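**Student:** Read off the chains here:
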Amino acid sequence: MSFKSLSDPFDASKSLLHKSDCDCPMCLLEKNQPHLSARDKQESIEQTLQQKLDQQSEPHSKKIISPAEAALQSQEEIIDRAVESAVVRSVFGHNDMSRRSFLSMIGAGTTAAVLGSVFPMEEAKAAIKETMGLGPLEKKKLNIGFVPITCATPIIMAHPMGFYEKNGLDVDVIKTAGWAVARDKSLAKEYDASHMLTPMPLAMSMGAGSTAKPFIMPTVENINGQAIVLHNDHKDKRDPKDWKGFKFGVPFEYSMHNFLLRYYVAEHGLDPDKDIQIRVVPPPEMVANLRAGNLDGYLSPDPFNQRAVWEKVGFIHTLTKDIWEGHPCCAFACSKEFAVQNPNTYGALLRSIIDATEYSAKSENRKEIAEAISPKNYLNQPVPVVQQVLTGRYADGLGSVMDVPDRIDFDPFPWHSMGVWILTQMKRWGYIKGDIDYQKIAEEVYTAAETGRVMKELGYEPPAKTYENYTIMGKEFDYTKPEAYVESFAIKRT
Amino acid sequence: MLNSLRVKSTLLSIILLVLLLGIWEGANQPPSDTKPLTEYELLMGGASQEARVPPPSDVIALGWEELSNPFYDAGPNDKGIGIQLGYSIYRVLVGFFLAALIAIPVGFLIGMSPLMYNALNPFIQVLRPISPLAWMPLALFIIKDSEVSAIFVIFICSIWPMLINTAFGVANVRKDWINVARTHQLTPIQTALQVILPAAAPTILTGMRISIGIAWLVIVAAEMLVGGTGIGYYVWNEWNNLDLSSVIFSIFMIGVIGMILDLLLAYAARWVEYQE
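Heads up: the protein sequence lines correspond to chains A and B, in order. In case it helps, numbering that gives the first Met the number 0 puts the first sequence at residues 0 to 493. In case it helps, numbering that gives the first Met the number 0 puts the second sequence at residues 0 to 275.
Simulated from the structure, these hints should not be mistaken for laboratory data. Treat the numbers as computed from the prediction; the structure is a model and nothing was measured. Ideal Cβ placement from N, Cα and C applies to all residues, glycine included. Do not rely on the hints blindly, as some may be mistaken.
As the list claims (entries may be wrong) - Label-pair distances were calculated between CB atoms; the ranges are:
{"no.": "1", "chain 1": "A", "residue 1": "N231", "chain 2": "B", "residue 2": "I59", "range": "31 to 37 Å"}
{"no.": "2", "chain 1": "A", "residue 1": "A187", "chain 2": "B", "residue 2": "A267", "range": "34 to 40 Å"}
{"no.": "3", "chain 1": "A", "residue 1": "H267", "chain 2": "B", "residue 2": "I59", "range": "37 to 43 Å"}
{"no.": "4", "chain 1": "B", "residue 1": "G21", "chain 2": "A", "residue 2": "R492", "range": "21 to 27 Å"}
{"no.": "5", "chain 1": "A", "residue 1": "K273", "chain 2": "B", "residue 2": "D261", "range": "49 to 55 Å"}
{"no.": "6", "chain 1": "A", "residue 1": "G325", "chain 2": "B", "residue 2": "I82", "range": "57 to 63 Å"}
{"no.": "7", "chain 1": "B", "residue 1": "L216", "chain 2": "A", "residue 2": "L397", "range": "40 to 46 Å"}
{"no.": "8", "chain 1": "A", "residue 1": "K273", "chain 2": "B", "residue 2": "I59", "range": "48 to 54 Å"}
{"no.": "9", "chain 1": "A", "residue 1": "K188", "chain 2": "B", "residue 2": "Y71", "range": "28 to 34 Å"}
{"no.": "10", "chain 1": "B", "residue 1": "P69", "chain 2": "A", "residue 2": "D169", "range": "22 to 28 Å"}
{"no.": "11", "chain 1": "A", "residue 1": "D241", "chain 2": "B", "residue 2": "G21", "range": "53 to 59 Å"}
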């Protein structure tokens with residue numbers, strides 16, 4: 000339950016901001032008993048709430064309200080307060096002082112009445128609850144899986160930084176051993192939603208590599224953020240033509256890592272199935288295998304690229320950003336069933352994730368995020384490594400300090416054209432066969448319209464269209480002609 | 000004499016331990032930092048980050064830290080070593096006792112009846128050599144619950160040694176005793192409970208001892224695979240961080256708990272032993 004910064008805007012003594020003297024139950028508790036566990040805090044807050052509600056109701060017609068109901072009411076209350084304070088803020092600007100002096104002069108009741116008469120406060124509250132799917136949440140306690148890599152940043156940071164809480168959700172983010180497990184736990188409904196790779200919901204919906212179950216992918220987590228790392232012994236082999244016989248690692252078959260590595264070497268004339276070996280290796284094992292000489296290189300998620308440099312076993316050959324600027328990588332996905340059955344919860348979840356993704360996109364927040372997600376509970380990595388990844392000021396392992404602010408970037412919009420591109424590569428390498436209605440599948444799985452709507456509601460600017468063409472390593476991709484695109488490659492498995 | 004041998008062997012153990020730790024410690028000293036580092040060197044992790052096996056002093060310090068607060072709970076992904084071990088032991092015991100519940104009666108059955116033995120033997124022979132972890136994907140798919148799947152994997156790996164040992168023990172009860180039972184006109188049930196069970200108990204317990212050893216071996220791998228909680232998850236989580244001190248410390252903990260489980264069953268075996 001969240002009480003953050005939503006005190007009564009008509010009370011002159013109360014700040015609209017979450018200040019040091021904030022007297023919401025959350026802050027009071029934090030101040031008085033800072034050592035309580037999260038669970039005790041929650042209970043204590045529910046008790047306080049219960050007491051308040053008990054006091055309000057008449058003594059003899061005392062109604063028993065369950066904590067769940069109380070939470071529900073407070074959820075509505077939070078929205079009401081949010082709307083009220085937004086209106087009050089818009090009248091007084093962000094100047095707390097002028098609001099206070101005005102309120103103390105006129106009185107809170109009068110102010111509320113006056114504002115209510117010129118602004119349809121109640122209608123606004125109802126409208127907001129309506130459009131944002133903000134009725135009572137069907138399910139408050141959620142399990143969200145993540146694989147501990149920096150691609151999952153928005154999903155992870157939303158937890159310590161309170162983005163889920165703000166939307167009334169009680170989320171456990173659960174570290175997962177790999178994408179196959181994330182997939183199976185999602186299929187088994189142990190996870191309500193999960194961190195996945197952008198090709199996974201497409202593959203799962205089509206039943207490639209698993210049972211077919213409709214999954215949707217409302218947001219892309221990160222764009223860019225991967226790299227090709229080579230062993231230190233290969234410092235003289237920077238030309239991919241010298242890579243014949245190399246053993247490469249990728250984290251999962253249905254991954255951008257696999258498709259980008261295949262694309263990259265094929266553009267340099269190597270057949271990824273014949274001239275090199277591509278193995279599926281979990282990211283942490285990649286560094287160890289690289290050290291042991293078992294792998295010559297890998298295309299993997301960060302922080303394991305930077306970790307290889309930090310461990311002095313490899314160097315960064317190229318960032319995937321330089322293969323395809325702005326390529327999608329990881330995603331936030333859930334089953335269609337979950338979204339349909341819990342529309343309000345799904346809405347709240349979407350808002351948390353989109354908000355967290357946009358927050359992560361701002362470079363000034365990256366240092367703070369790196370510190371929030373490095374501890375054992377989340378990535379379990381040294382802070383300087385995560386910081387180098389997120390801020391883009393990093394050592395490349397070849398002796399220079401690089402400055403690439405968009406080494407990893409975050410953009411929630413799930414372009415349909417990205418889905419089409421991924422499907423063309425799945426077709427190209429034989430992961431899917433036969434005739435494919437590229438656009439139809441992409442549109443069913445990547446719910447761009449909904450994402451755009453929520454982005455707009457949160458005050459972000461979604462793109463006006465959902466398709467665009469890309470230029471990848473100088474080659475044009477036209478989303479209207481996917482089949483011709485597949486056929487245009489010299490090296491393919493069709 | 001025995002006493003002095005004991006003292007001597009203990010002394011030798013300690014000397015060996017000190018020697019081993021001493022060599023390990025001496026061979027793995029961090030390189031000393033010399034001059035101030037440039038930004039590049041700092042971003043590379045400085046000089047002290049050179050990949051190496053941690054010396055035992057690091058591992059002991061870490062172990063002390065972990066063991067002094069073994070039951071902290073900082074969210075779903077960060078729990079104390081005590082809680083993690085607790086989860087693993089719980090899974091192992093549940094799977095193990097479920098297996099015993101089935102393996103011992105079935106073992107009895109096939110030990111007493113040559114017909115059942117011949118009928119079930121092919122199944123046992125095919126199923127027994129399957130690596131428990133090979134069941135994992137199938138279990139996850141069918142059971143749709145990672146917790147129950149982990150217990151199932153323990154169950155499936157513990158069942159075979161108990162089954163085979165029970166059958167062996169039951170089949171090899173001395174014929175004289177069964178004949179004595181017959182002359183005393185005992186019913187088959189009485190024969191089973193009063194003559195065969197006590198006679199086969201040491202072999203059954205040996206089977207259980209082998210089973211729990213295997214179960215404890217398997218749980219670590221199973222938990223590495225499904226993640227979540229348990230000592231296997233702990234190792235995986237530290238592996239994720241490439242933190243060798245923690246990995247070595249948890250290996251040690253796994254060994255200690257495995258030893259304790261084995262000792263408990265060895266102790267139980269003493270209760271059913273008999274002298275001819």
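**Student:** For each hint, tell me whether it holds in the structure or not.
**Tutor:** Verification of the hints:
Evaluation of the 31 to 37 Å hint for A:N231 and B:I59 yields a pass: the beta carbon distance comes to about 32 Å. For the pair A:A187 and B:A267, the supplied restraint of 34 to 40 Å holds, since their beta-carbon distance comes to about 37 Å. Restraint check, A:H267 to B:I59: a C-beta distance of roughly 50 Å breaks the suggested window 37 to 43 Å. Against the hinted window of 21 to 27 Å, the Cβ-Cβ separation of B:G21 and A:R492 comes to about 58 Å, which falls outside the hint.
Roughly 51 Å separates the CB atoms of A:K273 and B:D261, a value that falls within the hinted 49 to 55 Å. The supplied range of 57 to 63 Å is broken by A:G325 and B:I82, whose beta-carbon atoms lie about 43 Å from each other. About 43 Å separates the C-beta atoms of B:L216 and A:L397, a value consistent with the hinted range of 40 to 46 Å. For the pair A:K273 and B:I59, the supplied restraint of 48 to 54 Å holds, since their beta-carbon distance comes to about 51 Å.
Remark: the range hint 28 to 34 Å for A:K188 to B:Y71 is upheld by a beta-carbon distance near 30 Å. Separated by about 27 Å at the C-beta atoms, B:P69 and A:D169 satisfy the suggested range of 22 to 28 Å. Separated by about 46 Å at the C-beta atoms, A:D241 and B:G21 break the suggested range of 53 to 59 Å.
Going through the hint list in order, the structure does not satisfy hints 3, 4, 6 and 11.
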